[in-house]
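Protein chains in written order, with the working numbering: chain A, 17 to 833; chain B, 658 to 877.
Simulated from the structure, these hints should not be mistaken for laboratory data.
A few of these clues could be false.
[What the hints assert, rightly or not] Label-pair distances were calculated between CB atoms; the ranges are:
| no. | chain 1 | residue 1 | chain 2 | residue 2 | range |
| --- | --- | --- | --- | --- | --- |
| 1 | B | T840 | A | N795 | 51 to 61 angstroms |
| 2 | B | R831 | A | E295 | 27 to 37 angstroms |
| 3 | B | R858 | A | Q158 | 39 to 49 angstroms |
| 4 | B | K790 | A | Q158 | 58 to 68 angstroms |
| 5 | B | R831 | A | I610 | 30 to 40 angstroms |
[Unchecked claim] Some chain B residues flagged as far from chain A (calculated, every beta-carbon gap over 12 angstroms):
| no. | residue |
| --- | --- |
| 6 | M662 |
| 7 | A688 |
| 8 | K707 |
| 9 | K755 |
| 10 | E787 |
| 11 | F875 |
[To be verified] Computed footprint of chain B on chain A, listed as stretches where at least three residues anywhere in the stretch have a Cβ under 8 angstroms from a Cβ of chain B:
| no. | segment |
| --- | --- |
| 12 | 108-116 |
| 13 | 292-306 |
| 14 | 577-587 |
Heads up, the beta-carbon is just placed ideally off N, CA and C, and yes, glycines get one too.
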Amino acid sequence: MSNFKETPGYQIIQNWMEEKGNTPFSFQHQTWERYANNFSGMVVAPTGFGKTFSVFLAVVIDYLNYPENYKKGLKLIWISPLRSLAKDLAKAMTTAVEEIGLDWEIAVRNGDTPTNIRRKQERSMPDILLTTPETLHLLFSQKRNSRWFKNVNCIAVDEWHELLGSKRGVLTELAIARIRNLSTKTRIWGITATIGNLEEAKNVLIPYDVKTTMIRAKEKKKIDIISLLPDQVEELSWAGHLGKTMSSKIIPIIYENTTTLIFTNTRNQSELWYQIIIEEEPDLIGQIAIHHGSIDKKQRNFIEDAISNGMLKAVVCTSSLDLGVDFKPVDCVIQIGSAKGIARFLQRAGRSGHSPFERSKIYAVPTHSLQLIEVAAVKEAVKQNEIENRNPFVLTYDVLVQFLVTLAVGEGFKLEETYQLINKIHAFYYLTKEEFNWCIHFITKGGNTLNAYEEFHKVVVDDDGFYRVKSRRIAMMHRMNIGVIVSEAMLMVKFFSGGYIGMIEEYFVSKLKKGDAFVLGGRVLEMKQIKDMKVLVKRSKKKKAITPSWLGGRLPLTSYLTHFLRLKLSDALTPNNREKELKFLHPLLNNQHINSHIPKHDEFLVEMIETKEGFHLFAYPFEGRLVHEIMASLIAYRISQIAKRTFTIAMNDYGFELLSDQEIPLNEENINPIFSKENLIQDVTASINASEMASRKFRDIAVVAGLVIQTQPGNKKTSKSLQSSSGLIFRVLEDYEPDNLLLKQAYNEVFDYELEKVRLQAAFKRISESKIILKNAQNFTPLSFPLKVDSLRGTMSNEDLSKRIERIQKQALKDLK
Amino acid sequence: MIYKMHIVSKKITRKDAVLEITNQRVIFWEAQKSLILSDLHIGKAAHFQKSGIPIPKNVLTTDLERLKQLILHFKAENLIIVGDLFHAAYNKDLDEFKAWLIQFPYIKIRLIKGNHDRLSNAIYQQFNMEVFKTELTINSLKLVHDAVEKPTNSFIISGHIHPGVFIKGRGKQRIKLPCFQVTENQLILPAFSLFTGLNTRQSLQKCKNFAFTNDGIFEV
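In isolation and in its complexed conformation, chain A is listed as follows:
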């Protein structure tokens, strides 16, 4: 349509932008035109270039041109992963609409929306609704909800790359499918940052037989990556420390810039770094804040506003600020420790220098020595423009079960129609009729086919063929559990005098005694009492306080990054001149070289060390934590076939450790078969069955599928008699219903055969082509030390339980003597 520029809609927008002194970017213009030509599609653009206005204005222009195609009620549904984004987006859209002269109503609906406003929306829906995948599903669980979705012209999914790699992506796919079923002409548009698998991302979002297009912004963000080195390599520990000595380097950076975001990887580290910085520079108190997911929402909103208004010099944060509204004053980002991935590193860097033509600036601060190699690897990856994939989830039966019950709670559903709807989306493209029937059986009769549960009436078939939930209690419990974000059991922390501070995990609370001091939200607190799922505290003057640990949030390095790491390490002893990180590390690498070995690109290193703790085996495939978990239990399994053994397993992004109380029968003769690529998949399956990994994966599945009722923090326990743990249910199902699809899903999530098989096979192929080097070291080496101090461990054993206990007791007796 060459005359698109002459349409009244385009003219109005063009004039409006001109008045404001803006010219559209070419990708915006392209989006508008494609939208006008009835395309669905995906916009790929860096933040700060007005990607919102590409899709949003496309809908406005189309409306101005063809108002007759737009009916009363919801016209555009805007899905975004973050609640905090919605508020500001709605403000920007409202301003635009008003200035353009439209009478559209724009509203936000999510978990924070007050009840009276929700009710008002339900009586009369706005023209544009900004919402989250979870909230859409909640809408589906309401009576007579289809009337709201009859005339939706466009569904836009913002930050699609964030949703794609999680089960929230599946929720989004399902939501789109249902809305599209009600408004058959709706156009689907995604907005995403650059990822490795853009084409796949588009196909997952729009699996339908419609015209689709991909629009890539040519504009690129310029990024400066600066690594911050200590004065001497000895100042950095080998592992297990915070890199506290680096604080003196960080303070001047904070002063040089207007506002600095300091990213850490865990909530625990953010609390610690906040303390370290104010200790080093007390003058910053009042100008520095802390922001993470367990801090009270009001406090977080306050901090976000303070950043926007330029009232803060620095904020210590976690991934809680990865996404979100643009903070204009932020001109510098500091990444402490590893960012665990190229995309995340770039995303964080992009939080600074936000306007289109500014540069982003990020300082990488290593917390232990090996991370310096990582910085070198990130730089290399950015230079070569390699960004990792976000892999979509498939065959998530737990999400399917939840969705079916959601429909049953809402208007009820019919079998064939629903199967057709589900079967079209990417996640369930390979769902068989049998599996679908199993899910139906699961929600209507309970467990397996032989054994219907008499007392189980969750979903009931009516005479008209509709599946419905009849019990109000079950409906209510289901609504409370809609969603796929599973958190640890959390307790609210509250001052005696009132006022919430944040949340800590039940697991951490269980170790706290009355009077203990701990840190939360940058404050030192004294635990006084636990009451009704609340921890009551008062301020403490104690110098020494424990920092809570939150179990969630350990991320593995992504595969591209590990690939670069391996390369960097292999030529670490002969770095080129520009790689100051590697040159700097020379003394440490030399230590590794002398005491053990530095694996070259065609070598694979295994270290054996005997200590007081027992017998250690360390191996360094450099494949990232997830792959190492599988490899470790596989190798443990193969060794235990030679002689029965019990291993505890630790892994990080570089390698893994097997630790046993008995000698590990591994030597030059059998090491090649142990690490062989033969029988790989059979052995992996056997080792997964022998480990606890599936049971751990089942935790989330049990909650999503409604087998475990999650208590919301702050709510009183209303259903105490329904409390159980996913571990218990896993065991019961393994005993009585081994063919349960949710169990199968747990095993699949440990090792996704489709997805990971290739990678694992490639890794073992590489190992088999390498020279395997077995070294007996006298003591921990720079490579093994970080593994030793890692506290997250799993177990794998093929020994008889009683024999194990007997030996432990004998050892204990020996230790006494």
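Position chain B against the provided structure of chain A, taking the given hints into account.
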């Protein structure tokens, strides 16, 4: 899943009473021909099912089969249940229990009520059991559901907390097992039902933990 149980026991003597603690979650008190047990939580699976959570009902069947084997093995004539016999409201699981009881017309059941036992007295009467509101004293033994540490002349037996213990070994091994917690003055029973969790918090002072597996019982 019905299997042949391997029963192993260990005798302890407290206040003249000889008690056999077993690896099958019960105490046998020979002098009284009594099995002492706690936390059966009958009706838990059906209660979950009623609330839309599909738990296999074989959970109860297995628990009852285990109890049957224990009664026959020890030739017991009495069951003393120190609380949480029934998990919640009346449901089909209780009917199964009722039907199961018919095979033991000679067994006398005494229940000390636990926090879960909130059914009306009429219902307990249907099961032909004697119900005690808070405690029952037999010779030098005092049986309660949840023990409070208070000096008394009797030896207190209770349940409620579902005790468990960690066994830690070289090479960072950790094994979690159910246990009996025993001191000079009191004993806490493990939960009898297998559909229960474990609580590893140590609640008693100077306490011995007797942990057990399918084929043994031992002090930790």
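query: Within 30 to 40 angstroms or not, the Cβ separation of R831 (chain B) and I610 (chain A)?
result: 35 angstroms, holds
query: Just checking, E787 (chain B) versus chain A, shortest CB gap more than 12 angstroms?
result: Answer for E787 (chain B): holds, closest chain A Cβ roughly 25 angstroms.
No chain A beta carbon within 12 angstroms of K755 (chain B)'s: 15 angstroms, holds
Least C-beta distance from K707 (chain B) to chain A larger than 12 angstroms: 5 angstroms, violated
task: Determine whether the non-interface label on M662 (chain B) survives the test: each CB of chain A must be over 12 angstroms from its CB.
output: M662 (chain B) clear of chain A: closest Cβ-Cβ about 15 angstroms, beyond 12 angstroms.
- request: Given that the segment 108-116 of chain A was listed as covered by chain B, double-check it with a C-beta distance under 8 angstroms for 3 or more residues.
  value: violated (count 0)
Within 8 angstroms of chain B (C-beta), three or more residues of the segment 292-306 of chain A: violated (count 0)
query: Between R831 (chain B) and E295 (chain A), does the C-beta distance stay in 27 to 37 angstroms?
result: 35 angstroms, holds
- prompt: Taking the CB of K790 (chain B) and the CB of Q158 (chain A), does the distance hold inside 58 to 68 angstroms?
  reply: This hint is violated: roughly 46 angstroms between Cβ atoms.
Cβ distance range 51 to 61 angstroms for T840 (chain B) and N795 (chain A), holds or violated: 44 angstroms, violated
query: Regarding the assertion that A688 (chain B) does not contact chain A, is the least Cβ-Cβ distance greater than 12 angstroms?
result: With a cut-off of 12 angstroms, A688 (chain B) remains clear of chain A, as the shortest Cβ separation is near 30 angstroms.
message: If we take the beta carbon of F875 (chain B), is the closest beta carbon in chain A still more than 12 angstroms away?
response: 7 angstroms, violated
Consistency with the previously given hints fails for numbers 1, 4, 8, 11, 12, 13 and 14, ordered from lowest to highest.
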